[in-house]
Amino acid sequence: MSLPFLSKKPIDLPPIVSVELIQITDKTNIPFAPKAKKIIEKVKKKEKEKLVSEQAPPKIVKKEKPDAVPLPDKKIDEVKKIKNKKQNPEKLDNEVKQISEFEKKELFDPNNIAALIDKSKEETAENTTKTDKITQDREKNVSTLGLSLSEEDALKAQIFGCWSIPLGLPYDKDLLVRIKLKLKPDGSVISSEILDHEKMNKPGQRFYKVLAESALRAVKLCQPLRVPSTGYERWKDLQLNFDAREMLEG
Amino acid sequence: MLFRFLFFLIILFPFKAFALIEVDITRGNLSPLPLAVSPLSIDSKSKEGFKKILNKKDVGSEISKIISNNLKQSGLFNPLNKDAFLQKPDIAHLKPRFEDWALIKAQALVTGKVSLIEGKLRVEFRLWDVLAGKEMMALAFTTVPNNWRRVGHIITDKVYERLTGEKGYFDTRIIYVAEEGPKVKRVKKLAIMDQDGYNNKYLTLGNELVLTPRFSPTNQMVTYLSYFRNMPRVYLLDIETGIQEVVGDFPGMTFAPRFSPDGKKIIMSFATDGNSDIYTMDLENRVVERITNHPSIDTSPSYSPDGKYITFNSDRSKYQQIYVMKNDGTNVKRISFGNGLYGTPVWSPRGDLIAFTKLHKGKFYIGVMRTDGSGERLLTENFYQEAPSWSPNGRVLIFYRETKTNSKGEGFSTKLWSIDLTGYNERLVETKTDASDPSWSSLLSN
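Sequences listed follow chains A and B, in order. With my numbering applied, the first sequence covers -8 to 241. With my numbering applied, the second sequence covers 21 to 466.
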């Protein structure tokens, strides 16, 4: 239908031509060096052997009764109930405290202040000895279990600066990438392994892959990592959990 | 005996087992990712060929400029200056020296090759992870030489998707109303351009007023409103063929026709007996269906991407606010509760947000909120701005902004602007004339 105000000239837009998309990765990937090839073949052989052992007849496992599996709705109800349970004790706690303070007020005798001061001294002394004991225990725990808060903060601060968060990731998805590192005493990385690496090439997991790659880049960019100067044995294996939700939610 | 010895050894020297230390990394760097876009290499024979066909000295460099510019405009990438590149483009494309690229702080690298084969343009490109020292992606495209700009946009979309995880928005077009002349006597034409402002074309002559062009989410169809003999008319225009048709003449004030997500219906508001309500029209059988029936003014409807819900603005609660309802008009819920007036709600193609214009204390804001009205965020503030339209990936909004006139009535202009969801990446979209009412197309290569 021709319209009086329309441009008489035909629309001269560049033609929309379908574009061929050809995967050329296989063609252009750089071939492995002969030495590396041998190593890869060895690894493959080992993997095959592993596969053979995996194909052994499966154990006979007793089938669980389907009745034992709770329905999703029931599960949700249970979670809600648990939450309610958590809230109640807090309320009770407050109430108990208020009553005890009130009782204290009633028991307060202004003529007996000196005795109170003396007691408070004893209490503080007791407290300090107690806290001292706790810190010694903490140090023991740190030396055998984990990094101290300052050591952890230093490492975190370093990685925060190296990690370019992919801003296109959805903020509402539960995305967590766990990377296990083997470190040298100077903090440089011997090896890095993505713990859920099977997700990397699964269809529909493109966000996971992007996040995992960004996390690996952060580790590579940051190394040598800021690790403590002592206690190599306790941190030579380290796991970093990359979670971008907080940042993406803004 | 040996058993006892081992037992004693274990007692005397117990194994010290350390639990694996876990550190949670919950914060990172939000600055743009530094990357290098190496000029695409081209052999001398192809260079000569393209010079004759396209009148371009080096089409390889031109394509890499498009990629680089697109990535920079996105605000998520920082393309490095090519003067700092140490490796030649042809060698880098075969085997990059990753140390050289890491030295200039590039975390990713784009290389490529352009050739002229049997009169066609063939572009091969690869994306490399510099720090991991590996290839992330490799693709080749073949098309007619005139499509060279589109190839640049398609490569950008691929790079963007691989590095961010979400689809790109570069191989797209924007339809808008081009405006010229003084404020009281404006000439308004329908115009279309690539998202980066190139290939601008006018689609109407400007004899009649044109308003609110909107792209179909499924194809290259556009619906818009125009006045013919002072009567509002809704038109359909096929961008690919240039064929247009009148959808219908509507009574009274008709506003903002917009497509349904499947492109089979248009939804709009028009007034009967002075009461503005929302209606849909089936484009196959032209059957009009009334969706709202309320004495208030209901306008600016927009479908959710699944087509199940509609958002619109209404003054049914005294002041103009945003509402969401089911696609049959039931279950109407108000979702905006902040101070000020809310209008032009548009549902994001991702489905998670609704963009809107807000007027509060004499200032206009473009903002977003979740579809239940929570999490309201105002992205930009100005003297006058409105009509946000989403990029197809739901990351960027395009809208128009007017400037104040001086006491003599001079200085009026309207320009297109874009802003991303972070609110930091605000950019002027270059147009040849003044511009308003933009609408973003879906990806052309889909």
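Everything labelled a hint here was simulated from the structure, so no lab data went into it. Hints may be right or wrong, so weigh each one.
In silico lysine-lysine, DSS-like type, Cα no more than 25 angstroms apart, as pairs [unchecked claim]:
#1 B:Lys187 with B:Lys203
#2 B:Lys346 with B:Lys383
#3 B:Lys108 with A:Lys200
#4 B:Lys209 with B:Lys221
#5 A:Lys211 with A:Lys190
#6 A:Lys175 with B:Lys154
#7 B:Lys154 with A:Lys193
#8 A:Lys211 with B:Lys154
#9 B:Lys71 with B:Lys108
#10 B:Lys115 with B:Lys67
#11 B:Lys72 with B:Lys92
#12 B:Lys71 with A:Lys200
#13 B:Lys452 with B:Lys435
#14 A:Lys211 with B:Lys428
#15 A:Lys190 with B:Lys154
#16 A:Lys211 with B:Lys102
#17 A:Lys171 with B:Lys154
#18 B:Lys452 with B:Lys203
#19 B:Lys205 with B:Lys428
#20 B:Lys125 with A:Lys147
#21 B:Lys154 with B:Lys65
#22 B:Lys71 with A:Lys190
#23 B:Lys154 with B:Lys125
#24 B:Lys76 with A:Lys200
#25 B:Lys428 with B:Lys383
#26 A:Lys200 with B:Lys125
#27 A:Lys147 with A:Lys227
#28 B:Lys154 with A:Lys173
#29 B:Lys92 with B:Lys65
#30 B:Lys85 with B:Lys71
#31 B:Lys71 with B:Lys102
#32 B:Lys221 with B:Lys76
#33 B:Lys115 with A:Lys211
#34 B:Lys187 with A:Lys200
#35 B:Lys187 with A:Lys193
Fair warning: this is a prediction, and the values are worked out from it, not measured in the lab.
ask   = Quick one, are Lys187 (chain B) and Lys200 (chain A) close enough, alpha carbons at most 25 angstroms?
value = Holds, because 14 angstroms separates the two Cα atoms, which is no more than 25 angstroms.
ask   = Regarding the pair Lys92 (chain B) and Lys65 (chain B), is the alpha-carbon distance no greater than 25 angstroms?
value = Outside the cut-off at roughly 31 angstroms; violated.
request  = Would you mind confirming whether the straight-line C-alpha gap from Lys221 (chain B) to Lys76 (chain B) stays at or under 25 angstroms?
outcome  = holds (21 angstroms)
ask   = Is the Cα-Cα distance between Lys147 (chain A) and Lys227 (chain A) 25 angstroms or less?
value = holds (16 angstroms)
ask   = Has the given pair, Lys71 (chain B) with Lys190 (chain A), been kept, meaning a C-alpha gap of at most 25 angstroms?
value = Violated. Lys71 (chain B) to Lys190 (chain A) sits at ~47 angstroms, over the 25 angstroms cutoff.
task = Please work out if Lys428 (chain B) and Lys383 (chain B) have their alpha carbons no farther apart than 25 angstroms.
result = holds (22 angstroms)
ask   = Taking 25 angstroms as the top limit, are the C-alpha atoms of Lys187 (chain B) and Lys203 (chain B) close enough?
value = violated (39 angstroms)
request  = Measure nothing beyond the straight line between the CA atoms of Lys71 (chain B) and Lys200 (chain A); if it is 25 angstroms or shorter, mark the hint as holding.
outcome  = violated (41 angstroms)
query = If you draw a straight line from the CA of Lys154 (chain B) to the CA of Lys173 (chain A), is it 25 angstroms or shorter?
reply = holds (21 angstroms)
message = Check whether the Cα positions of Lys115 (chain B) and Lys211 (chain A) lie no farther apart than 25 angstroms.
response = Holds, at roughly 20 angstroms.
inquiry  = For a C-alpha distance cap of 25 angstroms, please report whether Lys190 (chain A) and Lys154 (chain B) respect it.
reply    = holds (19 angstroms)
ask   = Are the Cα atoms of Lys211 (chain A) and Lys154 (chain B) separated by 25 angstroms or less?
value = This hinted pair holds, its Cα atoms lying about 13 angstroms apart.
In terms of the numbered hints stated before, the structure departs from hints 1, 2, 3, 11, 12, 14, 21, 22, 24 and 29, listed from lowest to highest.
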